[in-house]
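Go by the hints and put chains A and R onto chain F.
Heads up: the sequence lines are chains F, A and R, in that order. Under the numbering used here, the first residue of the first sequence is numbered 1, with each subsequent residue one higher. Under the numbering used here, the first residue of the second sequence is numbered 1, with each subsequent residue one higher. Under the numbering used here, the first residue of the third sequence is numbered 1, with each subsequent residue one higher.
For the record, the hints were derived by calculation from the structure and aren't laboratory data. There could be a bad hint or two in this list.
Cβ-to-Cβ under 7 Å is the rule here; a few derived chain F residues that face chain A [what the hints assert, rightly or not]:
{"hint": "1", "residue": "Thr232"}
{"hint": "2", "residue": "Asp234"}
{"hint": "3", "residue": "Tyr235"}
{"hint": "4", "residue": "Ala237"}
{"hint": "5", "residue": "Ser238"}
{"hint": "6", "residue": "Arg240"}
{"hint": "7", "residue": "Ser241"}
{"hint": "8", "residue": "Ile244"}
{"hint": "9", "residue": "Pro245"}
{"hint": "10", "residue": "Phe253"}
{"hint": "11", "residue": "Pro257"}
{"hint": "12", "residue": "Pro261"}
{"hint": "13", "residue": "Asp331"}
{"hint": "14", "residue": "Pro332"}
{"hint": "15", "residue": "Arg333"}
{"hint": "16", "residue": "Ile334"}
Virtual Cβ for every residue (Gly too), placed ideally from N, Cα, C.
Below, each chain spelled out in residue letters.
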Amino acid sequence: MKLITFITRRIIHSVFVLFGLSIVIFVISRVMPGDPARMAVGARAPQWVVDNLREQMHLNEPLYVQYYYWLRDALHGDFGISLVTRRQVADDIKEFFPATFELALFAGVIMGGAGIFLGTVSARHKDKWIDNFVRVISYLGVVTPAFVFAILFLLLFGMTLNWMPTMGRISAGLSRPPVVTGLITVDALLAGDFATLLDALWHLILPALALAMGGMAQEARITRSTMSDNLTKDYIASERSLGIPEKVIMRKFLLKPSLIPTVSILGLDFAATLSNAFLVELIFNWPGISRYGINAMLRKDLNAIAAVILILGVVFIVVNILVDIVVAQLDPRIRLAPGRGE
Amino acid sequence: MNTATLQAQDSAGLSAGTPLLLEIKDLYVHFDVYGGTLKVLDGVNFTVRSGEKVGLVGETGCGKTTTMKAILRILPMPPARIPGGEIYFKGQDILKMGEADLRRVRSEGISMIFQDPTAALNPVFTIGQQLEAVVKYSLEGKKLSRREIRERAIIPLREVALPDPERMLDSYPIQLSGGMRQRVCIAMALVASRELLIADEPGTSLDVTIQDQILRLLHRLVEEKNVSVILITHTLGVVRETTDRVYVMYAGNMVEAADTRELFARPMHPYTRGLMDAVPRLTGGGIAGGIRGRIPDYLDPPPGCRFHPRCDHAMDICRQEKPPFYRLSDNHEVACFLYRDGG
Amino acid sequence: MPSLTPESDWLQEEVNNVTAQANSLTLPKSKTMENIGRSWYKFSRNPMSIVGLCTVLLVVFLAVFAPLVAPYPEHAGAFVDFANASRPPCGRYLLGTDVVGRDILSRIFFGFRFSLTMGVVVLALVVPPGVTLGLIAGYNQGTWLDTIIMRLTDIFLAVPPLVLALAICSVLTPNLFNAMLAVSLMWWPWYTRLVYGLASTLRNEFFVSSAEAIGAGKAHIIFREILPNCISPIFTKMSLDMGWVILIGSALSFVGLGVQPPKPGLGTMVADGAKYLPDQWWISVFPALAIVVVVLGFNLLGDGLRDMFAAEEV
Numbered sequence: 001m002k003l004i005t006f007i008t009r010r011i012i013h014s015v016f017v018l019f020g021l022s023i024v025i026f027v028i029s030r031v032m033p034g035d036p037a038r039m040a041v042g043a044r045a046p047q048w049v050v051d052n053l054r055e056q057m058h059l060n061e062p063l064y065v066q067y068y069y070w071l072r073d074a075l076h077g078d079f080g081i082s083l084v085t086r087r088q089v090a091d092d093i094k095e096f097f098p099a100t101f102e103l104a105l106f107a108g109v110i111m112g113g114a115g116i117f118l119g120t121v122s123a124r125h126k127d128k129w130i131d132n133f134v135r136v137i138s139y140l141g142v143v144t145p146a147f148v149f150a151i152l153f154l155l156l157f158g159m160t161l162n163w164m165p166t167m168g169r170i171s172a173g174l175s176r177p178p179v180v181t182g183l184i185t186v187d188a189l190l191a192g193d194f195a196t197l198l199d200a201l202w203h204l205i206l207p208a209l210a211l212a213m214g215g216m217a218q219e220a221r222i223t224r225s226t227m228s229d230n231l232t233k234d235y236i237a238s239e240r241s242l243g244i245p246e247k248v249i250m251r252k253f254l255l256k257p258s259l260i261p262t263v264s265i266l267g268l269d270f271a272a273t274l275s276n277a278f279l280v281e282l283i284f285n286w287p288g289i290s291r292y293g294i295n296a297m298l299r300k301d302l303n304a305i306a307a308v309i310l311i312l313g314v315v316f317i318v319v320n321i322l323v324d325i326v327v328a329q330l331d332p333r334i335r336l337a338p339g340r341g342e
Numbered sequence: 001m002n003t004a005t006l007q008a009q010d011s012a013g014l015s016a017g018t019p020l021l022l023e024i025k026d027l028y029v030h031f032d033v034y035g036g037t038l039k040v041l042d043g044v045n046f047t048v049r050s051g052e053k054v055g056l057v058g059e060t061g062c063g064k065t066t067t068m069k070a071i072l073r074i075l076p077m078p079p080a081r082i083p084g085g086e087i088y089f090k091g092q093d094i095l096k097m098g099e100a101d102l103r104r105v106r107s108e109g110i111s112m113i114f115q116d117p118t119a120a121l122n123p124v125f126t127i128g129q130q131l132e133a134v135v136k137y138s139l140e141g142k143k144l145s146r147r148e149i150r151e152r153a154i155i156p157l158r159e160v161a162l163p164d165p166e167r168m169l170d171s172y173p174i175q176l177s178g179g180m181r182q183r184v185c186i187a188m189a190l191v192a193s194r195e196l197l198i199a200d201e202p203g204t205s206l207d208v209t210i211q212d213q214i215l216r217l218l219h220r221l222v223e224e225k226n227v228s229v230i231l232i233t234h235t236l237g238v239v240r241e242t243t244d245r246v247y248v249m250y251a252g253n254m255v256e257a258a259d260t261r262e263l264f265a266r267p268m269h270p271y272t273r274g275l276m277d278a279v280p281r282l283t284g285g286g287i288a289g290g291i292r293g294r295i296p297d298y299l300d301p302p303p304g305c306r307f308h309p310r311c312d313h314a315m316d317i318c319r320q321e322k323p324p325f326y327r328l329s330d331n332h333e334v335a336c337f338l339y340r341d342g343g
Numbered sequence: 001m002p003s004l005t006p007e008s009d010w011l012q013e014e015v016n017n018v019t020a021q022a023n024s025l026t027l028p029k030s031k032t033m034e035n036i037g038r039s040w041y042k043f044s045r046n047p048m049s050i051v052g053l054c055t056v057l058l059v060v061f062l063a064v065f066a067p068l069v070a071p072y073p074e075h076a077g078a079f080v081d082f083a084n085a086s087r088p089p090c091g092r093y094l095l096g097t098d099v100v101g102r103d104i105l106s107r108i109f110f111g112f113r114f115s116l117t118m119g120v121v122v123l124a125l126v127v128p129p130g131v132t133l134g135l136i137a138g139y140n141q142g143t144w145l146d147t148i149i150m151r152l153t154d155i156f157l158a159v160p161p162l163v164l165a166l167a168i169c170s171v172l173t174p175n176l177f178n179a180m181l182a183v184s185l186m187w188w189p190w191y192t193r194l195v196y197g198l199a200s201t202l203r204n205e206f207f208v209s210s211a212e213a214i215g216a217g218k219a220h221i222i223f224r225e226i227l228p229n230c231i232s233p234i235f236t237k238m239s240l241d242m243g244w245v246i247l248i249g250s251a252l253s254f255v256g257l258g259v260q261p262p263k264p265g266l267g268t269m270v271a272d273g274a275k276y277l278p279d280q281w282w283i284s285v286f287p288a289l290a291i292v293v294v295v296l297g298f299n300l301l302g303d304g305l306r307d308m309f310a311a312e313e314v
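In isolation and in its complexed conformation, chain F is listed as follows (with noise of 0.2 Å):
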């Protein structure tokens, strides 16, 4: 019951904070210098089909009210026609959302995943040789960009070694499943073709490996320091005492409290995940939206560059309203605060 209201006010919060992004991105796709009709048909075009789209753009009413139109374009779905495909950028988006979406839920699966089993083997054996390695690890993990780890992994494991396939989602020669969610390896999953989800799973390694490595290494110090932080508190030391046994301790009366901060800063690592995707899609010729993005800026593709950012803000906002309620199922503090949890 007061669940409910938490997410309701994280909910309302999130739906303020879309607008303000949206006026944002409106405000940066109309600062460019020069004629954005002029831009979408080109140099040569005549005079009069610039004047006739101007008007059908609405360039020559008031801004705000150039922004009413393009936000309810925007909430209908309608982001107008790429420069650069001459395609619905909605389409676009359909077509290229899922790949994304497939690598960051994957990256993000191993950096939750294997940053909290990390951090607390190394805190399980503080300042033993495991955990001094771990810490180096993680602290490389840290400071090194993904792209570098996508470039470095794409030579080893790519090219030197010849392990894994560095280029797309899946082999030349497999026809894609049926699509459904547009996940391949889901898709595979549903049309029982295993062959495929293990093609579509080999692709997905090194790329999700890449973009997680950095939120791997902050997840696994920020585990490591608070369950050593934990282990020193009353309440592990009072249930030693009475008797429970150290396993039980470690499993779930320790685990549960160190989650907490790991499970918060997942949100940002998330964002970094999703920054990240930029250049690693870029370098592992990943067909998302990242790489439809990036192309789209370097031909000041406004329709697309405006679409792909409030679709990625989106995400974000989503992913950090579900890490919220995570966080505050985990941390009663939190859900019943009186007041608090905007």
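The following block gives chains A and R in isolation, referenced to the frame of chain F:
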């Protein structure tokens, strides 16, 4: 170590006919921290007889809680380390026990009530989840069904006079007041019957009135269940009213041990006297005496008697040698060179 | 440090007297010297902090004196020497040459220049407004000012940082200046957030309420009472952020929206070299490692500063 110490150790506890329940012999605890080793406990000797109520006093940071945590082996290790000493509970050395024996001691031998009830309760589990875990993993817990476990968990909540214990089980610690949390902690310590209860400054973090209620409750429960008690407290008045014997601790050493009445009548150690002087009297004007200086740095504690830098009676020997326990009478021992000739 | 307002002259005098006495009794050396000594001791306890400091100093040195220390300073621009193209690391070219024969080592030194410029300029643009907004919002916690400022930060934080920077860069002309502008535009909210948290706790401290009670002005309280107490976390964050800004900058130049060729941006060099993997691996791997070294250096330094400012533990 000289012969006097050995003699003193031998004599400790021999005076009474009752068997020893707990005996700590020459216990050292060190903490490895960045930049050195904190030599916190420096050869602690301490005994509790069956049925006895023992008080332990000393200023904050003198190692009382560390000693108690060492008994239950719940010091965080690392950074803590026990380079020497023995802790006998009913004749068995706790420090050498295996996992199974240790759990038996923890779940039916000794339990501890922590200083700060807020810190001692896991913030992200309900009271019920925590109490039920204690019941479930107690020695008889295996045979119980879920319902029986829950029923067992309610019993101690009733004993500590918490209102609406059913609802209490589903509450989180933050939903309770400080006094209620302290009662929950006591309840957890009393889930199974114990032989020794360690109460570490119960209720210190609470209002004076609530603290008084908690102490009364504890006193009643202890009398009912007939358990031995180690009571750590700053309030000398409480010690005087509720304990049989008192240890005074200073900077990781026991400096004086005596029957309660004897200690209050004739405090011997300069530190004990200082402690008693520091108590503000209702009749006096403001803060009376006190002890100059503060607890020494454990990284580099003073040699000899650790109290000598603060002691008005310090002699040359105090700076060089650690004083052994000198026996003044059947029920009074003091670790101070002032009394080496029998005081 | 609770400082007193000028309004309370007599009190200030009293305090000065007492401090002077105390100093003459216990602190024969000047207080600042002692503080520096103690801070250095805390900082240097962890050898990794020293490593970080040395790395940063070295990188700064190489960047500043790049024209003097680089073996082939002329290779920083549009230089071509096909006779020596794609040389693997050797005695003459320690880290090899790229496909048009330019010395990678020299280009990395010049690349440090762009990276450091980016870091310094972005922080200079971001910290003052970010901190000021955070102070104002934190001190006025619960008022409409607080709401407006903090909602604004929420909006800017609602998009993954690199995404917004990429977009801004792309609609403007891609170059170093615009890259710095873009990164600055999305970076300030972090400082506002940080300072907001600090300021909203500090405003309830006694020294703030006593300054209020004496009748000090808002600006005085915000900048003279609260700000000095936020300095150490701000410094720590700045040191860490130098690394992050450089990282983001290299990401921007990697996709071609930052430093433009033939100028040697570290990210640009990685991206150019990536085309020649795996055979001419040195073209992209060494600039990539250079980025890692710089970011690592600033991170270690930042962690050292955090240790230094941290209250004495145990």
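Here is how each hint holds up against the structure:
1. Thr232: holds, 4 Å
2. Asp234: holds, 4 Å
3. Tyr235: holds, 4 Å
4. Ala237: With a closest approach of 4 Å, the Ala237 of chain F hint holds.
5. Ser238: With a minimum Cβ separation of about 4 Å from chain A (threshold 7 Å), the hint on Ser238 of chain F holds.
6. Arg240: holds, 5 Å
7. Ser241: holds, 5 Å
8. Ile244: Given a least distance of 5 Å, the restraint on Ile244 of chain F holds.
9. Pro245: Holds. Min distance 6 Å.
10. Phe253: holds, 6 Å
11. Pro257: Cβ of Pro257 of chain F sits 5 Å from chain A, so the hint holds.
12. Pro261: With a closest approach of 12 Å, the Pro261 of chain F hint is violated.
13. Asp331: The hint holds - Asp331 of chain F has a Cβ within 7 Å of chain A, the shortest such distance being about 6 Å.
14. Pro332: holds, 4 Å
15. Arg333: Cβ of Arg333 of chain F sits 5 Å from chain A, so the hint holds.
16. Ile334: Ile334 of chain F check fails; min Cβ-Cβ to chain A is 10 Å, beyond 7 Å.
Checked against the numbered hints given earlier, the structure breaks hints 12 and 16 and satisfies all the rest.
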